[in-house]
Structure formats: C-alpha cells, structure tokens
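> Listed here are the chains, written in short residue letters.
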Amino acid sequence: MKAVQYGRCLTGIVRREALRFLHQRGRFVSALVRPLVWLIIFAAGFRFVLGVSIIAPYETYVPYEVYIAPGLIAMIQLFQGMQSSLSMVYDREMGSMRVLMVSPLPRWFLLVSKLLAGVIVSVLQAYVFLGIAWFWEIEPPVLGYFTVLPALILSGMMLGALGLLLSSAIRQLENFAGVMNFVIFPMFFASSALYPLWRIQESSLWLYTICRLNPFTHAVELIRFALYGQLEPVSAAVVLGSLVVFMALAIYGYDPARGLTARKAGAE
Amino acid sequence: MSAGKDIPALAVTGLSHAFGKREVLKSVTFQIKPGERVALLGLNGAGKTTLFSLITHLYNHRSGVIRIFGWEIKDRPAEALSRMGVVFQQPTLDLELSIAQNLAYHAALHGLEREAAQERAVREIERVGLGDRLHDKVRHLSGGQRRRVEIARALLPGPRLLLLDEPTAGLDIASRQFLLDHVAKLCREEGMAALWATHLIDEVDPDGRVVILHRGRILAQGPVAEVIRQTGAADLRAAFDALTQMPKAEEDA
Numbered sequence: 001m002k003a004v005q006y007g008r009c010l011t012g013i014v015r016r017e018a019l020r021f022l023h024q025r026g027r028f029v030s031a032l033v034r035p036l037v038w039l040i041i042f043a044a045g046f047r048f049v050l051g052v053s054i055i056a057p058y059e060t061y062v063p064y065e066v067y068i069a070p071g072l073i074a075m076i077q078l079f080q081g082m083q084s085s086l087s088m089v090y091d092r093e094m095g096s097m098r099v100l101m102v103s104p105l106p107r108w109f110l111l112v113s114k115l116l117a118g119v120i121v122s123v124l125q126a127y128v129f130l131g132i133a134w135f136w137e138i139e140p141p142v143l144g145y146f147t148v149l150p151a152l153i154l155s156g157m158m159l160g161a162l163g164l165l166l167s168s169a170i171r172q173l174e175n176f177a178g179v180m181n182f183v184i185f186p187m188f189f190a191s192s193a194l195y196p197l198w199r200i201q202e203s204s205l206w207l208y209t210i211c212r213l214n215p216f217t218h219a220v221e222l223i224r225f226a227l228y229g230q231l232e233p234v235s236a237a238v239v240l241g242s243l244v245v246f247m248a249l250a251i252y253g254y255d256p257a258r259g260l261t262a263r264k265a266g267a268e
Numbered sequence: 001m002s003a004g005k006d007i008p009a010l011a012v013t014g015l016s017h018a019f020g021k022r023e024v025l026k027s028v029t030f031q032i033k034p035g036e037r038v039a040l041l042g043l044n045g046a047g048k049t050t051l052f053s054l055i056t057h058l059y060n061h062r063s064g065v066i067r068i069f070g071w072e073i074k075d076r077p078a079e080a081l082s083r084m085g086v087v088f089q090q091p092t093l094d095l096e097l098s099i100a101q102n103l104a105y106h107a108a109l110h111g112l113e114r115e116a117a118q119e120r121a122v123r124e125i126e127r128v129g130l131g132d133r134l135h136d137k138v139r140h141l142s143g144g145q146r147r148r149v150e151i152a153r154a155l156l157p158g159p160r161l162l163l164l165d166e167p168t169a170g171l172d173i174a175s176r177q178f179l180l181d182h183v184a185k186l187c188r189e190e191g192m193a194a195l196w197a198t199h200l201i202d203e204v205d206p207d208g209r210v211v212i213l214h215r216g217r218i219l220a221q222g223p224v225a226e227v228i229r230q231t232g233a234a235d236l237r238a239a240f241d242a243l244t245q246m247p248k249a250e251e252d253a
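Residue numbers (this note's numbering), protein chains in the order written: chain A, 1 to 268; chain B, 1 to 253.
Everything labelled a hint here was simulated from the structure, so no lab data went into it. Be aware that a few hints might be false.
[To be verified] Residues from chain B that face chain A, not an exhaustive set, calculated with beta carbons under 10 angstroms:
1. F30
2. T56
3. S63
4. G85
5. A108
6. R120
7. F178
Just so you know, even glycine gets a beta-carbon here, dropped at the ideal spot from N, CA and C.
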C-alpha cells in the first residue's frame, strides 16, 4: 500500500463523517442545544449561588457563564466522542463497521482515520458554540479563538479515543445508556467544568483527588487556558498521555489476533 | 495480479475455529477456482457467518489455512483483502447518503483514485440497472435495489473473488433472480470466483458446485449432480436432508 492510498482512505473517511453529520441535522442541533441550555439557563440560575474568585487564566472576576464556557466546549467533545463510539457499536451491529474492516489498509490506520474524522466534526461544533456564546458575553481575546484550536484537536482526539476504546469493549448497543451513566455524567461532574477545583477541595478532599485525576478535568483546563492564549503544561501532558493510552487500548481491542471482536462474536 | 492459472481464488484448508470451548468450525477444507461459483449451503447456525468473518479477517482463525490467490489472510491481510469483494448479510449502506457517495466512500477505503473510482462506479451501477439513480439517497431505494448497490460496491476495487453471505435474505423473487444471474454472469464472462452462502436449496445452481456445511463440518462437496449421486437421493433437497440427519456417530467418523 502506498502513501497516496492512505491519503485517499483518510480523505474518504473524513468526507463520509462530514456528509453524515450534515445530513443528520437533528444531531447537529442537539449537539448545540445541550451546551446552550447549560449556558443560558443553568448558568443564569447559578450565577449568584456560586461565587468565583479570581483564578488563572482569568485576570478579573468573571461571571459564571464565562467560567463554564470551556467546560461546555469539552462537554460537546465528550458527547461527540461517545456518540461516534455509539455509532461504532451501532455500525458494527449494522455491519458498516465490517465494510470499514475489509479495507486492505491496516486496521490501526482505519481507526485513527475514524478518530480524526470525528475530531473534525467536534471542532466544528465547538466553534459554532463559541460563535453563539459570544452573544452571551463569552468574549475571549481574538487571539484565543486561534490558540484554542490545537487544544480542541488534542482534547477531541483524547475523548474520541476513549469512545473508540469503549466501543471495542461494549458488547451491545443498549449499553450506551450505561455509557451515559457511568462515563459521561461522572466525567463531567467530577471535573472542573462546572466549579473550580478549590471549591471541591473545601468540601471533600477525596473528591478533589478524583477530579484532579480525571482526564476530562485536564481537557477542560487545556481548553480554558488556550482560550486565553495560554498553555497549561500539566493538562496538555495528561491529555496527550491519556490519548496515547486510550488509542493503544482501542487498537488492541480491534486487533484481529488478540482483540475482543472474536470473543464478542462468540457471545452472540 | 499474480493469479496464475492453477492458484485457487480461495483455498481453505483444515480450518477450525472455536469461541471459548464451543467449536464452530471443524477442519473445513474446500477450494474455489477462478470462474467458479460455489454455493455454501447450510442451515442457520451451521457456521457460515463465522467462516465469512474468518475469510474477511474480522478476527483470526485458530488453526488451519485460508489463502486468497495464494496469500494467507493472517499473514498478508492487505494482499488478500485487496483481491476480494464482500456482500455482507446485514445491510451496510449509509441510508442518508446517495449511491454515488456510498460508492465513493468504499473506493476511498480501498485507496482507489477518485476519478477512476467514479468511472468504475458509473459502470458498475449501470450494470445493475441503477444508472439513473446514482444521486438518489439510499433511503429511497427498495431492499432489492440496495442489494444491487452493495454488489456494485463490492466490485469497485476490481476483486477476483466475491463473497456473498446470504445476499438474498428478505428480497422478492425478481430481485433474487437478478442477483443470481448477475453473479453467474460475472463468473462466466469475467472469470470471477464467487462463494455464495445460503440456506435456500433452490439458490444452488444444479450445474454448479456445492459445499454443504452442517454444525461446523463439511458433510459433502463437489458438483451438485455428484453430491446427489453419492447420497443416492433423488434431488439436492433429499440429499441435504439425508446428510444432515445422519446419526451422530457417522457424522463424527
């Protein structure tokens, strides 16, 4: 297989993901409505309940909406990552995963392409959200819109890889409800998305430790700092490290020699 | 392609596979030559789908050898997969995308050049009689039409071996006949090798070859007339019944 064939394959997978996304308008709208509901309703309600002191990267007191915006962007990416994992599980049952896997290109490459395609969609969603949020006075510096891009790509890949890993491990479609309960909610709430970690530390030290270890916290912080033109090195390292681990495990899961697909087929 | 005349399109030798302790395939051996259409006849649960999963490298087999034009699927998956086209039992098209978009996606997965792929797509889709529907969404096609698109899609990369896993499931008689004729023609005129899995005896070409798979074992194989003669039955249905109802002891022998 030549490099040009790899290129064509990647382009084809990205194009399909984009076309599917454009054709599923409901999915696009719901992907945006979810964070907007949090931003417009939840944040308004909690604005005066939760006081936020001055913490980096902010230089002044910021309204609660401004504080949770990066967390909501990460939430968009978390959902997108899990949704593409849902579509992987669904695809596999419907068989189109098998179409992907009869490609003569190596399986790791197919999975990485699938991951990148999902990330492109999640980055687009994040920017549309940022555009709408601007009207709610979420106004990061202009430079921030550019510096946040690499952060979005990295966090999107990490969360997408987590989705891929779960899709290789989930036996059945129905279990996505379980993914919501056991992955999305805990990851989102036990993170710095909705409240600064020092507040959690005040109430519970062990919960604080969990939040610090949660890769989603680091995705949120990576995005938060990048949105203000800054790099949070610890978060960047944790997100990158998690990405490598999740992706390696996902590729292992889909490997025809060792993987879980065979065991799963046996359980059918 | 390196397909010499005597290299079988598909050679399965001593293939066994088990899920945990449950054996689903037991020393399965058969071959398909270029230009041959072989019917893989077996009831549901005979192991047909597992066999297809192994040949298409969804996962590795435990023991035995699977060669596609000489390439062992486990060791050289790229060479083997690039020579086969597959029509899966489940529908696998993107309903929201057009026929053309579905075909373009598949061509890209196989690393085909875009314009060449488009030309091929037009040609293959015309051959299955859907030339005027190229830009229609798959959602608007009937079940039979979708299956035809899937055959056209499988042929895009120019495979020499076509694998069809119960391709007529849920289709009406006319669509079924169309698929049977189309594949027969591919074999006759273009030297395509085809493995057609089915549980329907009337889909087996009476002049062709059949492999009868039952509970993971091959009970009989060869030209249909030969299989009927060996069992001393009147027709293939009787032969199939006679073979699959053999007492367990004889089956294990």
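> Sort out which numbered hints this structure fails and list those numbers smallest first.
Numbers 1, 3, 6, 7 - these are the hints that the structure violates, sorted from lowest upward.
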